[in-house]
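Chemist: Sequence:
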Amino acid sequence: MSAPLRRLAGLVLAAVLPVAAVAGPAPSAVAATPAADAVAPIDWDRFDAGLPGDAQAERTRAILLNSSEYTLRTWFPARYGAQTGEYLDLGGVGEGHIRPPGSAALGLATVLATGAYDAAATGVPEEQAREVAVRLITSIAYRHEANSAGGWGTEWQSALWAFNAAFGGWLLWDDLSGADRERLARMVRAEADVFLDYTVPYYQRPDGTVVTPGDSKAEENAWNAAFLNLAVAMMPANPNVAVWQDKALELMISAYSRPGDQLEDTEVNGKPLSDWLNGSNIFADGTLVNHSRIHPDYFTSIANSVGAPLAYALAGRDTPRAALHNAGVVYEALADHVFAAPPNAAPGGTIYVRDAAGAATADVYYPQGNDWGTSRQMHFLLLDTLADSYGFDAGSDVPAADWAAAHAQRVLDMQARFDDGRTYGAASEDTYSGREQWVALLAARTYLTHWLDHNTDVAFTNQAFPVRPGDRPGATLTLAAAASYPRGVATPLSVTVRSTSAAPLNRLAIDLELPDGWTATPASGSAAGGVLAPGATATVTWQVTAPADDTTPGAATLGVTARYRHYGTERELGQTKAVAVPPGVNVALGRPVTVSSQLRANTGGALAVDGGFADASRWLSAESDAAPWLVVDLGRPVDIAEVDVYSGYVNTNHDPTTTLKDFTVEVRTPAGWQQLAAFTGNVDHRVVADGAGVTGDQVRLSITDPSGSTIDVTRVFEVEVYEEGS
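Residue numbers (mature numbering (1 follows the signal peptide of the UniProt record, and there is no 0)): -31 to -1, 1 to 695.
Among the clues, some could well be false.
[To be verified] Just the calculated beta-carbon pair ranges, DEER-fashion:
id, residue 1, residue 2, range
1, Gly641, Asp166, 23 to 29 Å
2, Asp324, Thr2, 33 to 39 Å
3, Gln52, Tyr167, 20 to 26 Å
4, Ala88, Arg437, 27 to 33 Å
5, Arg15, Asp519, 23 to 29 Å
6, Gly61, Ala451, 46 to 52 Å
7, Gly119, Ala385, 54 to 60 Å
[Said to hold, decoys possible] The list that follows gives simulated cross-link-like pairs (lysine to aspartate or glutamate, EDC-like), each with its CA atoms no further than 20 Å apart:
id, residue 1, residue 2
8, Lys546, Asp584
9, Lys546, Asp485
10, Lys546, Asp305
11, Lys240, Asp287
12, Lys546, Asp666
13, Lys546, Asp624
14, Lys546, Asp287
Hints listed in this document are in silico derivations from the structure and should not be mistaken for laboratory results.
Computed from a predicted structure; not experimentally measured.
Even glycine gets a Cβ: it sits at the ideal position worked out from N, Cα and C.
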C-alpha cells in the first residue's frame, strides 16, 4: 500500500510562484477542493407518486426483482462472498472486473432507491441488499485510479463502466460515508475531465470517406454522452460543468448522425445541426454497421442518448433536445425497415418480427447474423420503453408499447425456467461474460423510465448551453515521473503547466505531494511574475528521494497540484502517478544484453535496459520464437536485492494479454544458474523477484509462454536489477 501523501512547499519558479506548505491530504488526493462539494444530491421529496401500477411497469419490476435475487443470492456470494475487507478486490482493472459489478450495483441501487424492492420476492432482507449495493459501488470507486495507485480508469470505454457505479452511488448517496462520497465524486470528475479536449470520432467523414470500416462510433459516442449527462446532473457545481455539458450535446448529436444532417440548418440547443457535426455514424435509412455487419444490437445503443432524462429528471432539470436526435429514425429502422433476402440472410423482413396478424412478437431477425447470442431481449425492451414514454415511435405501425410488452414477457418466460432469478441458460443464448449483470443494468434503466414517467413530468428543452472562455480550465498539467524511485537515490520529477487560454493565468502555484519521509530538492523552474502568458508553459523539476531505510514501502503515489486564477475564477489541476520504490541503484541500466530473437530491427534487447517505458522502448521477441530468453550481463558479481520486470503495452493500459505470461527469473552464480522466481499465468505489468542472499554477474529471463495475445511475443519494457546496500 502506498504511504500517505503530504504536501511540500512547491518550488518557487524564478522566485515568483510562491506556495505555502499545507497539511497533507488523504491518500491519492491531489486537488484541495473536495470533489464531493460539487455534487447535488437527489431531492427525493419531489417524487411522491409512489410506484407505477400499470401492467408493463409491473412486468419490468418483476424482471428487476428476479435479477436482484440472482445478484444477491447467487452471483455476489460466488464471486465475492469469501472477501472480508472493507473494499472488494475486484480481480483486476479490465472490463470484466469493473463493468459487471457496476451493472449489478446499478440494478440494486435502482430497485432500492425507487422503493420497488421486495424482500419477499428476492428472499434477502432490504438492509442486506443495500449493504451489497453500497459495497459494490464503493469498491469500484475505491479501485479507480483517482483514488488508488494502479487503479482502473480514464481509458477507452471506462466512462461506460464508471456510469454504472456513479449512477448507483448517486441514487444511494445517503447511504455512503463522507469518504466514499468523495471517492465516488473524484471518479466522476476524473472520467468527465477526459472529455475537456476530446475529439468526437466518426464512422464517415463529411466527404464520404469511411474512417473505421465495419465499426460505427454510434455506440461509443452515446455511452460517453450518457456518462457526461450524468456528470452534469450529479455535479452541477463543478467548474468544468459547462464544458462537460457542451461535449455531451456534441456526442448525443453525433452518435446517430446521418450524412444528410451535415447540411441541415435546424437549430438544436443553440446551434444549427450542421455546426455540431464533422461526419456521420449511421446511414440515411437509420441503420448502421458494427462488428462488420448490420447489427440491430447497436441500433439500440441510442438508448444511452435518449435515456438522458433518467439523470436530468432526477436532478429536476429539463433534458436537452439533442438527446432525441434521430431517435425516431433509428426506431423505425428496427421496427419497420424491410431487409431484402438476398443479399441479407433468409427470410428477410423487419428486425422486429410480427405474427401472421401483424401483431408484435419478441422474435428478432438479424439481417447479417448476430455474434452476441440468440436470446437477447433487454436492450430492445429499454428502447421500446423510451420510445413509448418520449413518443419517438410515431413512424411505426405497431406502437412501441406493444413491442415492449412482448419483449418483457419473453424475458419473464426465460427467467421462469430457473429458481434463482437468472435469465440465461446455454452460453449460446448470450455470449457476453457479464450477461446477467447486463440484464440487471437494463432492467434498472427500464424500470426507472417507468418510475420517473409516473412521478414527474419529463420535459425537453432546446435552449442553448453556451461555453464562455472562463468555463474552460485554460491550462493543461503534465506530470513526468519515472517508473521507479529507488530508495535513497535522487530521481527527477517534472511538472509542466501549459496555457491553453487567450487570457493570462494569474497567481500560478505548483505543489508537489510526497509520502511521509520523502524529500524533494528544487532543480529548475521558470516563469515570470507568477503569471503564465497565453500559450506559454511553465516547467518545474525536482530531484525526489525516497527514504533509504528498509521499511520504506515498495510502491508509492506521487502527486502534483497547480493552482491559478483564470478569468477571475480560482482553478486547480491535479495529477498522480503510481511508482515503484525498489531498493537502491539499478545496476542493469545500460548493460549489455543478449536475446534469443527480436521481432524487428528496432525491438532488440537493449531496449529492456534503457530506462524507457514507452511502447517504442520494448524488447519484442520474434513470433516464431516459442521460448524466448534474455540475458543481462552485469559486468561484475552483484549482491542482488531484487529483480523488477516490466512488461505489457501502454496503448492498452497493459491489458493482461500483453504482459509476460509464463517465465522464470534466474541469476548466474559461481555455482551455475539459480532461479529467483517463477511466474505462471502472470497478468501484472510489474513483477518483483526477491534476490536476497544471491550473488551473480548475469540475470536471465527464461520464457515458456510469452503472452496471452494472438500475436504471441514478449513485450518487455525493462529488466531492473537492484544491488543490496547500494
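Chemist: Within 20 to 26 Å: is that where the Cβ-Cβ distance between Gln52 and Tyr167 falls?
Modeler: violated, 36 Å
Chemist: Taking only the CA atoms, is the gap from Lys546 to Asp584 under or equal to 20 Å?
Modeler: holds, 18 Å
Chemist: Take the C-alpha atoms of Lys546 and Asp287, compute the straight-line distance between them, and say whether it is at most 20 Å.
Modeler: violated, 39 Å
Chemist: Can the suggested window of 54 to 60 Å be confirmed for the beta-carbon pair Gly119 and Ala385?
Modeler: violated, 44 Å
Chemist: Confirm or reject the claim that Arg15 and Asp519 have a C-beta distance inside 23 to 29 Å.
Modeler: Once the Cβ atoms are compared, 58 Å apart, the range 23 to 29 Å for Asp519 and Arg15 is violated.
Chemist: Given the hinted pair Lys240 and Asp287, is their alpha-carbon gap at most 20 Å?
Modeler: holds, 18 Å
Chemist: Would you check the hint for Lys546 and Asp305, treating anything up to 20 Å between C-alpha atoms as holding?
Modeler: violated, 52 Å
Chemist: Given the hinted pair Lys546 and Asp624, is their Cα-Cα distance within 20 Å?
Modeler: holds, 18 Å
Chemist: Can the restraint linking Lys546 and Asp485 be considered satisfied, given a maximum Cα separation of 20 Å?
Modeler: It holds: about 16 Å lies between the C-alpha atoms, which stays within 20 Å.
Chemist: Between Gly61 and Ala451, does the beta-carbon spacing fit 46 to 52 Å?
Modeler: violated, 25 Å
Chemist: Should the hint that Ala88 and Arg437 are 27 to 33 Å apart at their CB atoms be regarded as holding?
Modeler: violated, 50 Å
Chemist: Could you grab the alpha-carbon distance between Lys546 and Asp666 and see if it respects the 20 Å cut-off?
Modeler: With a Cα-Cα distance of about 33 Å, the restraint between Lys546 and Asp666 is violated, given a limit of 20 Å.
Hint check: violations occur at hints 1, 2, 3, 4, 5, 6, 7, 10, 12 and 14; the rest are consistent with the structure.
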